Amino acid sequence: MSIVLSPRLDTAAAAPLRLSLQKLVDAAEPVAIDAAGVDQIGQACLQVLATARAAAVARGLSWQVAFPSVAMVEAGELAAIDVLTAA
Amino acid sequence: MDLDAIQQIFFQECEEGLAGMESAFAALRDQQYDGETINGIFRAVHSIKGGAGAFGHERLQAYTHQYETLLDLLRSETLALTPALVDLIVAAFDMLADHVAAARDGGDAPDDAAMLARLIAASSGEAPGAAEPVAEAPAAFVEEAPAGVSDDFDDLMAMLDDVGGAAGPADDDDLLTTGAAAPGWLLTFRPPANALDNGGEPLLLLRELQRMGAQVLSCDADSLPPLATLDPELSYLAWRISVPAAVEEDDIRAVFEFTDGCALTLERVAALPPVSSPTIVVAAAPEPSPAPMPAPAPVAAVAEPVAPAPAAVAPAPTPAPGPAPAPVATAPAAPAAAPRPVAVAPTPPPTPVAQTIRVDLDKLDRLVNLVGELVITQAMLAQRLSENDMAGISELTDLDHLTRELQESTMAIRAQPMKTVFSRVPRIIRELEGETGKRVRLDIEGEMTEVDKTVVERIGEPLTHLIRNAVDHGLETTEERVKAGKPETGVVTLSAAHHSGRIVITVADDGRGIDRTRVRAKAVERGIILPDAVLSDEEVDNLIFAPGFSTAATVSNISGRGVGMDVVRKNVQALGGRIGIHSKFGSGSSFSLSLPLTLAVVDGMIVTVGDQTFVIPLSHIVESLRPSDRSVTAIGINGSVLDVRGSYVPIYPVAEQLGIEGGERNPEKAVLIVVEGDQGQAALLVDSIQDQRQVVVKSLEANYQAIDGLAGATILGDGRVALIIDVDALTSQRSRRPQLAHAA
Numbered sequence: 001m002s003i004v005l006s007p008r009l010d011t012a013a014a015a016p017l018r019l020s021l022q023k024l025v026d027a028a029e030p031v032a033i034d035a036a037g038v039d040q041i042g043q044a045c046l047q048v049l050a051t052a053r054a055a056a057v058a059r060g061l062s063w064q065v066a067f068p069s070v071a072m073v074e075a076g077e078l079a080a081i082d083v084l085t086a087a
Numbered sequence: 001m002d003l004d005a006i007q008q009i010f011f012q013e014c015e016e017g018l019a020g021m022e023s024a025f026a027a028l029r030d031q032q033y034d035g036e037t038i039n040g041i042f043r044a045v046h047s048i049k050g051g052a053g054a055f056g057h058e059r060l061q062a063y064t065h066q067y068e069t070l071l072d073l074l075r076s077e078t079l080a081l082t083p084a085l086v087d088l089i090v091a092a093f094d095m096l097a098d099h100v101a102a103a104r105d106g107g108d109a110p111d112d113a114a115m116l117a118r119l120i121a122a123s124s125g126e127a128p129g130a131a132e133p134v135a136e137a138p139a140a141f142v143e144e145a146p147a148g149v150s151d152d153f154d155d156l157m158a159m160l161d162d163v164g165g166a167a168g169p170a171d172d173d174d175l176l177t178t179g180a181a182a183p184g185w186l187l188t189f190r191p192p193a194n195a196l197d198n199g200g201e202p203l204l205l206l207r208e209l210q211r212m213g214a215q216v217l218s219c220d221a222d223s224l225p226p227l228a229t230l231d232p233e234l235s236y237l238a239w240r241i242s243v244p245a246a247v248e249e250d251d252i253r254a255v256f257e258f259t260d261g262c263a264l265t266l267e268r269v270a271a272l273p274p275v276s277s278p279t280i281v282v283a284a285a286p287e288p289s290p291a292p293m294p295a296p297a298p299v300a301a302v303a304e305p306v307a308p309a310p311a312a313v314a315p316a317p318t319p320a321p322g323p324a325p326a327p328v329a330t331a332p333a334a335p336a337a338a339p340r341p342v343a344v345a346p347t348p349p350p351t352p353v354a355q356t357i358r359v360d361l362d363k364l365d366r367l368v369n370l371v372g373e374l375v376i377t378q379a380m381l382a383q384r385l386s387e388n389d390m391a392g393i394s395e396l397t398d399l400d401h402l403t404r405e406l407q408e409s410t411m412a413i414r415a416q417p418m419k420t421v422f423s424r425v426p427r428i429i430r431e432l433e434g435e436t437g438k439r440v441r442l443d444i445e446g447e448m449t450e451v452d453k454t455v456v457e458r459i460g461e462p463l464t465h466l467i468r469n470a471v472d473h474g475l476e477t478t479e480e481r482v483k484a485g486k487p488e489t490g491v492v493t494l495s496a497a498h499h500s501g502r503i504v505i506t507v508a509d510d511g512r513g514i515d516r517t518r519v520r521a522k523a524v525e526r527g528i529i530l531p532d533a534v535l536s537d538e539e540v541d542n543l544i545f546a547p548g549f550s551t552a553a554t555v556s557n558i559s560g561r562g563v564g565m566d567v568v569r570k571n572v573q574a575l576g577g578r579i580g581i582h583s584k585f586g587s588g589s590s591f592s593l594s595l596p597l598t599l600a601v602v603d604g605m606i607v608t609v610g611d612q613t614f615v616i617p618l619s620h621i622v623e624s625l626r627p628s629d630r631s632v633t634a635i636g637i638n639g640s641v642l643d644v645r646g647s648y649v650p651i652y653p654v655a656e657q658l659g660i661e662g663g664e665r666n667p668e669k670a671v672l673i674v675v676e677g678d679q680g681q682a683a684l685l686v687d688s689i690q691d692q693r694q695v696v697v698k699s700l701e702a703n704y705q706a707i708d709g710l711a712g713a714t715i716l717g718d719g720r721v722a723l724i725i726d727v728d729a730l731t732s733q734r735s736r737r738p739q740l741a742h743a744a
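So the protein lines, in turn, are chains B and E.
Take 1 as the starting number for the first sequence in this note's numbering and just add one per residue.
Take 1 as the starting number for the second sequence in this note's numbering and just add one per residue.
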């Protein structure tokens, strides 16, 4: 199962994103994320993705972020936090 | 959807990105570019780099990293785009395409050491040199980069750094901003935990600093709790940031002027520390056990998960048409966190988001088939209503319009621009230039002409052969061109256009043209024609399509690979297409491929011949008439021609051509349909015209067998099967074919 990220990942979007990722991690499912449609992403969602990646890796689950949009990549570079590298 | 499927989509995206880059290069070469052109190239490389990292293609990622570095310097105008740099980024593009192909096919990544060295040198401001063999690269580099170069990303990046050290700063990232050893400001910044309240966004502050030339050195994510206990609305991150010494302290502090509770330190340092790798968060403690699954709730920020169906990735939900989504920089921010407005570099306009969806082709084919059945059913309904004197009811007309619109819309979904195919040609030309030493300019016209996906997929091979043929055989060498008074650079023109319901693709060159004396001699030598055969110029030209025909004195490595022009013609014919030649000795040749836009539905004229019903595609029909006795002139034993306003066109009795018993043979008692085909105009003689309507093409090959002279079959409104006439094939036949009499 994969998650398709919404275009606007602001602070309000962080809680539902955390829930969705938590479900996948709890279900011990590989995490596949389609990030092609992300137009903007803020610190809150970057934090959620970073901790979700850590949680997935800690449980031995794979982590894939496919098609990160330019906005997604640039936000990660701006904040110097890596949520895109596959695991 | 599994990861392999997602990766497949990544490679499709790569292909699209590469095609877009190729178009941009054409603009660069023609000096018809702006900042957005460079930005477009940069974005394509950037996206490939991102995907390569996500899927673990480290060599591709490493290569794109360096390529992107140079492009970033160009888009920021730190480096001026010189013709030599254009050549370099185009050459780098070719290697990028090789990298993508290797990653996709699981092959060995190309040896990119020399190209990487050139990219690094260019990024450091050196004038780009010509490609050199790896052996001539700096010795240290060669030692570090043998043919079986390590796949380890860190090793490779270290190797790149070594090379960069000879030409410029040690860290290639530093090429983009300040040098690592430069003095400047060292800033640490930790927003308060509630920094995200009321729409606050600390990243805006980072962006503000970035505009001043600052660079985030590292991110401290140690405070992040595990996912299960993370409060998504609290801020946990902190950053170390370098700011150029030229920026005033007051300006730096002003960025934080309206923030409250930030932990901030700012100190001037003699040497700024290097940039660290982006922080990867690792779990400090084991994740808590799975909590009971919460009740399903609407997920506002996340689209529905994609079901593991063969369909490709569903798009992120797109808002109703309206203003483009606001970029991050303009997101509403709390007054407390709002950055000080500055008049520095303007925020770049948001990249338009392509509103597309990928759909499994099988699903689309099912839709096309269903629409075909709907067209047939609609025709049957019309027939039934007509039998009950209800043909004129408005609902039937509405249904007709809707059916047609639905059919056109469905076929449009399958339509793709020829650009998909044409974008591969510039590289072929570049390779041919290298192999032949000829100078070639490629002109492309009509690349946005759309055609059915099947045609796009299958036209590539014959088109490639024609291009190779044009450069290898068509164009003269530079010396020969100069001698002939022609410009040194030969021109190959590739064009696509819609014409009479078909797409016509033309490959033309301004080379030597077909030497008919030589072609004829070769055909006689090969036993293809008799020495005394009387052939028109057109017939001589067409000899090059004869199996095994080749006029090249030596079989070259380029076009003489055992795949002759006969195979090209067969491939084109398999698509329902035709190929024609126009050539003038000394001036050049032009090959035209005429292909159907779609193979599924045609508008046709329903005609009767004997007791059979046929469909003549409307796209071929010029006019229909009942001839007067004076307009038909007998020629030879059985032939006759029709006088059409002073032009004489041959008459082809369909009954005779297809061996239909009982069909009319006498032109004066029949209807003549004047058609336009490969052989020019001709008149098809039929008994009568029944109707004109849209018909769904059913393949004879798939349902019966291929029959020369027929393009397919269809089901009429009354349930009868009618055969669709292949006008070109029929008008090129000269003998009757009695075996077709009962094909229907």
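Be aware that a few hints might be false.
Pulled from the structure, derived: some chain E residues nowhere near chain B, Cβ distances all over 12 Å [unchecked claim]:
hint, residue
1, GLN215
2, ASP220
3, ALA221
4, VAL368
5, GLY513
6, ILE529
Covered by chain E, according to a simulated footprint, are these stretches of chain B (three or more residues, beta-carbon under 8 Å) [claimed, not checked]:
hint, region
7, 31 to 44
8, 53 to 66
9, 78 to 84
Keep in mind that the hints were calculated from the coordinates and are not lab data.
All figures in this text were calculated on a predicted structure; none of them were measured in a lab.
Cβ atoms here follow ideal geometry from the backbone N, Cα and C, with glycine treated the same way.
Hint check results:
Some Cβ of chain B comes within 12 Å of the Cβ of E:GLN215; the nearest lies about 9 Å off, and the non-interface call is violated. With a closest Cβ-Cβ approach of about 9 Å to chain B, E:ASP220 is found to fall inside the 12 Å limit, against its non-interface label. Taking the minimum C-beta to C-beta distance to chain B, about 6 Å, the non-interface status of E:ALA221 is violated against the 12 Å cut. With 12 Å as the threshold on Cβ separation, the claim that E:VAL368 sits away from chain B holds: the shortest Cβ distance comes to roughly 27 Å.
Chain B leaves E:GLY513 outside its interface by the beta-carbon criterion, the shortest separation being 48 Å against a cut-off of 12 Å. Every Cβ of chain B is farther than 12 Å from the Cβ of E:ILE529; the closest lies at roughly 57 Å, confirming the non-interface assignment. Residues of the region 31 to 44 of chain B lying with their CB closer than 8 Å to a CB of chain E number 11, which satisfies the three-residue condition for coverage. With 10 residues having a beta carbon nearer than 8 Å to a beta carbon of chain E, the region 53 to 66 of chain B meets the requirement of three or more and the stated coverage holds.
For a cut-off of 8 Å, the count of residues in the region 78 to 84 of chain B with a CB near a CB of chain E stands at 6, and the three-residue condition holds.
Hint compliance for this structure: hints 1, 2 and 3 are broken, all remaining hints hold.
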